[in-house]
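Trainee: Between the sequences and the hints, there should be enough to build the whole structure, so can you do that?
Here are the chains, one letter per residue:
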Amino acid sequence: MKGKHHIIVETKKIKYEFDVKRNITVIRGDSATGKTTLIELLSQYARFSERTGIRVDSDVPCLVYADGLVSWQESLSATKDSIVFIDEDFDFIKTKEFASVIKGSSNYYVLITRDYLKNLPYSINEVYGIRNSGRFNYPQQIYNEFYPLYAKRYY
Amino acid sequence: MLKVYYGTLDEALYGPAWFLNNYEQSWFEDPFVQAMVVDVDKTEYKEGEVFESSVLGAIPPERLSGGVKTLISIYKNPDLIFDATSCGDNCAKWLLEIGKVADIKVTLRYAMRFPENDAFEISLENNKTIYTNRREYTLAALSVIDEEL
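Line by line, the protein sequences are chains X and R. For the first sequence, the positions run 119 to 273 when the working numbering is used. For the second sequence, the positions run 1410 to 1558 when the working numbering is used.
For the record, the hints were derived by calculation from the structure and aren't laboratory data. On a predicted model such as this, the values are computed, not experimentally measured, just so you know.
Partial list, derived from the structure: chain X residues whose beta carbon lies under 8 Å from chain R: (1) Lys131; (2) Ile132; (3) Asp148; (4) Asp207; (5) Asp233; (6) Tyr234; (7) Ile260.
Each pair of labels, with its calculated beta carbon distance range: (8) X:Pro179 to R:Val1510: 46 to 54 Å; (9) X:Glu158 to R:Val1447: 20 to 28 Å; (10) X:Asn237 to R:Glu1545: 25 to 33 Å; (11) R:Arg1543 to X:Asn237: 28 to 36 Å.
The beta-carbon is built from N, C-alpha and C at its ideal position, and this holds for glycine as well.
Mentor: Next comes the structure, spelled out in structure tokens:
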């Protein structure tokens, strides 16, 4: 997979809109900014699609890694040309083996973690937080966007 | 006092999951808990097991943030060790506040930014040193993080 992918995840109450530009994107930042809610919405959509009342607009599948009957290695190896979201409680993302799997993968990965990922070659420009904005239909619908945590102006 | 160990300890509990299996409704009636929930989650406690989130509307305790679940677990169980990596920077001031009323020990796997506090006091467990100056603590913590994480 190459290039930038524009993603919208939307319900009646909440909307996320963001771009995924590289094969590794890291989401961290304050508590209660909506990281887990984003994962939950994508998980529900992956299982029940439009029947959930969730709208996901993306040119490639957005999947959420979850524990299952097969190992993470098998699960990720079987997934192609998708954006894979991995929530913070999976320690395997810190391993050299995960770095190796990512290297040969056609997927993009969005990792929700505050850990330092020394084995992964990710760009400091692709580390984001999530913030609310008053755009559009606030307060009826909360609009969430990604913002770079280590933007150049902070250096 | 707040004691921080940078790294992992086998006995450190994972707050978001531990909370789900152990919380007690009476905890939510504690004004200190309510203050943490309002500050971190922008959520008010209503009654029973009902909270009102400014974003999600009425929610059960299960939908509180991982950070505030961990803070509540630490505050109500100071004898246990929790991994506070689930807590973002906006939880740091509450760890210091809890440390003023109880001896607590947490692990961290990132450089949480502790704010200035009128009675800043953290024991850095990696080098067994107590810091009362935020700048000195931060420099020591970054040095430990560089070696350990």
